[in-house]
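Please put together the full structure from these sequences, using the hints given.
Number of protein chains: 2
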Amino acid sequence: MLPRGRPRALGAAALLLLLLLIGFLLFGGDLEYGRPREAAARDRDPQTDHRGHNRSDCVLLRPLPAKCELLHVAIVCAGHNSSRDVVTLVKSMLFYRKNPLHLHLVTDTVAKNILETLFHTWMVPAVWVSFHDADELKPKVSWVPNKHYSGLYGLMKLVLPGVLPPALARVVVLDTDVTFASDIAELWALFAHFSGVILLRLDRLRQAGWEQMWKLTAAQELRTLPATSLADQDIFNAVIKGHPALVQPLPCVWNVQLSDHTLAERCYLEVADIKVIHWNSPKKLRVKNKHVEFFRNHYLTFLEYNGNLLRRELFGCPSPPPPEAEQLQQAVAQLNAGDACFEFRLQQLTVPRVHLTFLPHEPPPSRPNDVTLVAQLSMDRLQMLEALCRHWPGPMSLALYLTDAEAQQFLHFVETSAVLSARQDVAYHVVYREGPLYPINQVRNVALAQALTPYVFLSDVDFLPAYSLYDYLRASIEQLELGSRRKAALVVPAFETLHYRFSFPSSKAELLALLDAGSLYTFRYHEWPQGQAPTDYARWREAQAPYRVQWAANYEPYVVVPRDCPRYDPRFVGFGWNKVAHIVELDAQGYELLVLPEAFTIHLPHTPSLDSSRFRSSTTYHDCLQALQDEFHQDLSRHYGAAALKYLTALQQP
Amino acid sequence: MLPRGRPRALGAAALLLLLLLIGFLLFGGDLEYGRPREAAARDRDPQTDHRGHNRSDCVLLRPLPAKCELLHVAIVCAGHNSSRDVVTLVKSMLFYRKNPLHLHLVTDTVAKNILETLFHTWMVPAVWVSFHDADELKPKVSWVPNKHYSGLYGLMKLVLPGVLPPALARVVVLDTDVTFASDIAELWALFAHFSGVILLRLDRLRQAGWEQMWKLTAAQELRTLPATSLADQDIFNAVIKGHPALVQPLPCVWNVQLSDHTLAERCYLEVADIKVIHWNSPKKLRVKNKHVEFFRNHYLTFLEYNGNLLRRELFGCPSPPPPEAEQLQQAVAQLNAGDACFEFRLQQLTVPRVHLTFLPHEPPPSRPNDVTLVAQLSMDRLQMLEALCRHWPGPMSLALYLTDAEAQQFLHFVETSAVLSARQDVAYHVVYREGPLYPINQVRNVALAQALTPYVFLSDVDFLPAYSLYDYLRASIEQLELGSRRKAALVVPAFETLHYRFSFPSSKAELLALLDAGSLYTFRYHEWPQGQAPTDYARWREAQAPYRVQWAANYEPYVVVPRDCPRYDPRFVGFGWNKVAHIVELDAQGYELLVLPEAFTIHLPHTPSLDSSRFRSSTTYHDCLQALQDEFHQDLSRHYGAAALKYLTALQQP
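In the order they appear, the protein sequences are chains A and B. Heads up: the first sequence begins at 54 in the working numbering, then just goes up one per residue. Heads up: the second sequence begins at 54 in the working numbering, then just goes up one per residue.
In short, the hints are calculated from the structure, not lab data. Among the clues, some could well be false.
Intra- or inter-copy, both count: the list cannot distinguish identical chains.
Claimed, not checked - Each computed SDA-like pair below joins lysine to any residue, with the alpha-carbon atoms no more than 25 Å apart:
hint: 1; residue 1: Lys193; residue 2: Ala272
hint: 2; residue 1: Lys151; residue 2: Glu346
hint: 3; residue 1: Lys540; residue 2: Leu647
hint: 4; residue 1: Lys165; residue 2: Val404
hint: 5; residue 1: Lys151; residue 2: Val345
Structure (structure tokens):
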């Protein structure tokens with residue numbers, strides 16, 4: 054994956070880093086490409102290269118911020134694509150940082166939903182995040198004519214001084230399309246060195262009224278120029294022009310722009326220590342530049358970086374972990390490493406990082422009987438997605454269990470697929486891999502929690518539903534009056550084919566013909582018939598109307614239920630019993646099991662996953678699963694009393 | 054994956070970094086945990102934290118090496134496991150480095166084979182590698198009694214001054230189990246600052262005779278101490294004790310050891326800038342230390358780091374790429390980006406990084422008719438390996454197409470599998486993923502080139518051979534006198550099952566019964582019968598002796614051939630025609646095709662790979678494959694003249 058064009062959302066701002074001292078950076082520093090003049094003027098070191106260059110004696114002469122000083126960063130972020138960009142920016146910042154950070158995020162609803170969950174599950178020590186509602190800021194900037202609706206988000210940088218907490222004196226403002234190549238503390242140090250003076254002037258600045266200043270300038274620009282629109286950068290430039298004393302440009306190493314601009318090129322050719330790379334050229338990697346690979350590789354490093362590795366504490370800074378992380382650590386500490394199920398219990402306690410709606414997504418319009426297909430998958434099932442989209446024309450909520458690098462491959466896969474890119478009603482949620490066992494029910498719960506329709510079809514990704522299923526389910530829900538009358542789970546009978554290629558039946562009649570011809574079987578007919586037996590396939594053949602069936606041990610049908618159904622039990626990690634337990638829970642809560650006479654779904658052949666092969670060969674795995682089942686039944690008794698006894702006794706029958 | 058115990062190979066040396074100035078580091082520097090005393094003594098900065106700590110104004114006051122100065126590094130490395138460690142060390146070094154590097158590697162045969170291929174295919178700009186034969190050095194150190202045979206490799210650090218080129222004045226000597234967290238230039242700078250003085254003293258040192266010095270010390274130790282063995286570190290310590298003026302210890306940040314040693318802990322708690330982490334504690338990650346996660350994550354960063362991203366040029370240093378890289382760049386520059394096959398041609402020109410024998414491997418004893426099973430796979434077929442090991446008791450050469458992170462998962466998979474860990478005759482070669490298309494034939498060629506027996510069975514990883522096949526093939530080779538008489542390819546008839554679980558036939562009779570029962574089919578009977586048709590399954594049923602068959606269009610049998618058979622044509626990337634072209638080549642070179650009457654192999658069901666799904670849906674893919682086939686036929690004509698026409702005309706028949 055190569056980085057793509059900068060999202061239009063944040064407009065055409067060319068300045069990457071705005072050091073806003075709730076206003077502008079004011080200092081009289083004396084900079085020469087980031088090196089103090091003294092160093093540059095110092096006698097040449099005997100060690101000079103053939104071109105007569107000389108490396109400075111010191112990487113940085115400005116004092117770094119005090120140990121453990123909290124640094125503040127503000128980012129304006131809107132939409133799905135910018136939310137992905139922010140993650141890469143934050144990873145590069147965390148990789149080099151040594152200080153606690155407070156991120157002030159100005160977000161629209163989409164970005165807030167994504168980033169709130171992400172940071173909540175990321176649990177990085179010594180990182181605090183607060184959100185500011187971009188929608189509330191719109192009226193403050195919407196009077197400025199702008200080329201694109203989303204250009205408004207760029208303009209919001211102008212009102213940050215009024216939005217951020219009054220007590221906050223300094224903040225580094227970052228565009229979403231930058232990558233750090235150094236410690237942000239070095240950037241912060243540009244404040245610190247002159248802090249006394251600046252804070253004083255800042256107060257004066259505030260009294261003078263920054264808000265009035267930019268508004269007047271913008272209004273004036275609009276009067277005197279024939280421009281029909283103003284981006285945030287246009288206004289910043291105009292203010293700077295009118296008040297040159299207000300601003301001190303950053304050394305160019307802090308904004309190495311990937312463009313053909315010779316000035317930028319001179320900057321990074323002269324200076325070995327590039328601090329920040331700005332992906333602001335519309336040409337991006339097409340730029341004919343021999344160093345483009347350096348920039349690209351640096352960017353890819355953090356794009357693919359395992360974000361879990363950034364959950365590291367700071368040296369010598371008291372940085373208590375987030376409360377949830379602390380609870381988890383205590384729970385982990387209480388685990389008995391000698392327990393045969395130690396690995397299972399550790400995996401259950403692991404909270405994986407979650408990136409909701411990794412790709413642009415349009416929520417479906419609200420309809421009373423609508424159904425979302427819910428499923429989870431990993432990289433080895435990606436090739437199922439196109440077929441699934443052809444079979445299910447309705448909304449889907451899919452959770453993908455991936456590494457950071459795989460998430461980029463997935464992105465590329467969707468973007469190069471005409472079928473997948475055409476669908477805006479499929480939400481993809483990335484759950485980042487962590488730990489040795491597959492937390493299948495945790496991943497399923499992420500997909501389930503993000504379904505936005507009143508009903509969900511709980512499927513698996515290696516099943517293709519009948520072409521008519523989406524319409525048929527909605528009609529059945531209406532007909533059965535599930536909305537008001539009944540607490541029911543609609544069973545979709547499951548079949549399987551053993552052939553790679555096979556012509557999908559277009560009706561129940563065709564399906565039955567294939568079944569009789571031995572081209573199709575009922576699902577896991579050879580290996581695990583009890584998983585589907587209560588569906589009663591013989592009755593289904595003849596059925597004209599929905600019929601009720603009774604729960605029996607090991608039953609794991611594919612069902613349609615209301616969105617507020619019980620979650621999957623996250624204790625079942627790896628493979629085995631993860632769906633069975635969910636059906637038990639539905640039955641215990643009094644859901645009727647109604648088999649639909651025209652519904653069907655077909656399992657396609659695939660290689661068994663690594664986790665399931667492990668399951669089959671390991672006795673520990675079997676023993677642990679038994680222990681987890683016992684605990685599950687104990688919990689059932691606690692919740693449902695004597696009524697839950699039937700689940701245990703059913704299992705114990707021969 | 055967590056880092057494991059330090060390999061015994063390099064003994065128990067506790068000192069990580071030996072700055073050998075062809076001897077020892079001599080300087081009178083004035084260090085306080087890496088910070089110059091001036092900085093420490095300076096007035097406290099107004100910005101101090103609540104604990105009164107103060108950050109130094111400067112990360113480093115020593116001058117960095119001149120821009121583009123070549124830095125020399127020496128590493129002693131022996132065996133498969135240390136070779137893997139070296140890769141992680143080198144990745145961390147390359148990530149931070151800004152100077153050209155020359156690596157002086159002292160290696161045994163195994164490590165040389167691995168690292169030579171690795172660096173040759175890695176093609177990192179501005180990195181030079183030279184090898185020194187550890188076996189030749191053994192006599193120089195083998196007189197020192199040592200606890201373990203492989204401890205000899207540690208002792209070789211003592212003789213480096215005599216081994217490295219006489220013109221080389223300075224070298225940084227690294228153990229294999231260290232990870233950089235900073236630019237090695239900062240370490241090198243410890244030389245540079247005092248270089249004039251040191252080099253002078255060095256000359257005196259040389260005259261004084263380092264070699265005599267350590268030998269005398271070692272001999273004396275052996276006389277006066279009851280020790281029965283001496284590791285390299287024992288000798289270094291003894292020399293230092295006897296000649297304290299010879300050595301200046303490195304600031305502790307350059308050797309942050311993961312142990313319970315309080316000194317080390319004080320070092321890294323006081324100093325924010327850790328430079329090098331040394332994984333020398335036998336307890337490793339079990340150490341009760343709240344910062345262990347920091348160390349672990351830093352290590353995992355480079356363990357999993359995509360090494361391809363380190364192929365970046367240096368800024369402003371004239372660093373011509375290796376000649377092969379230059380040729381490739383020219384070939385890439387000549388590609389026409391408008392060509393529909395551009396992506397294919399780019400993939401063909403990509404040289405993937407190769408790590409041979411990623412895991413310990415014992416070459417099979419030399420036997421005249423021995424056969425190696427050759428195959429390639431990616432992550433999604435890993436679960437086939439155990440079954441394959443059960444079916445094929447002979448040597449195997451397997452190439453795995455993986456990312457760096459996947460290679461670690463693979464390692465974990467093998468280490469936790471009793472079946473796989475028990476096999477020393479299976480060589481695993483990692484080919485690192487690069488580019489969008491699967492270079493299947495390049496990967497196969499890596500496995501083929503590493504087969505060490507006179508014959509190879511060219512298989513695919515989703516096939517399980519008859520349990521008797523290994524013995525039967527060797528008997529057949531002997532009986533058919535392939536060694537002397539015939540140029541032949543022995544055909545192993547291929548079948549397939551469509552069931553996940555299935556009871557593997559133990560004889561041809563059982564196989565035929567399953568075939569008749571419809572539980573087995575001939576391979577791709579439904580989808581692509583022409584791929585196996587010339588094998589003539591009807592004849593095979595009845596055959597008692599090997600029989601010859603004629604080539605026909607699209608034939609792609611599984612064959613046993615001499616190791617020096619033609620390579621696979623690397624132009625076929627992605628899927629389609631990759632094996633067909635190889636069989637054409639065999640036929641063109643006059644290999645007889647002999648079907649073996651008792652041989653068989655069975656394909657297990659699996660999900661189609663991502664690449665093959667792409668192939669099936671894309672017309673560009675089809676068109677390109679056609680273009681590649683045309684070019685292949687043109688090349689055939691060039692090589693084999695009019696005789697090759699038959700391959701083209703055979704295809705054109707309806």
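These are the hints, each one checked on the structure:
1. Lys193 x Ala272: within (13 Å within a copy, 84 Å between copies)
2. Lys151 x Glu346: Answer is between: at 15 Å across copies they meet the 25 Å cutoff, but 27 Å inside does not.
3. Lys540 x Leu647: within (10 Å within a copy, 67 Å between copies)
4. Lys165 x Val404: For Lys165 and Val404, only the intra-copy Cα distance (20 Å) is at most 25 Å; the inter-copy one is 43 Å.
5. Lys151 x Val345: between (28 Å within a copy, 16 Å between copies)
In summary, the structure agrees with every hint in the numbered list given earlier.
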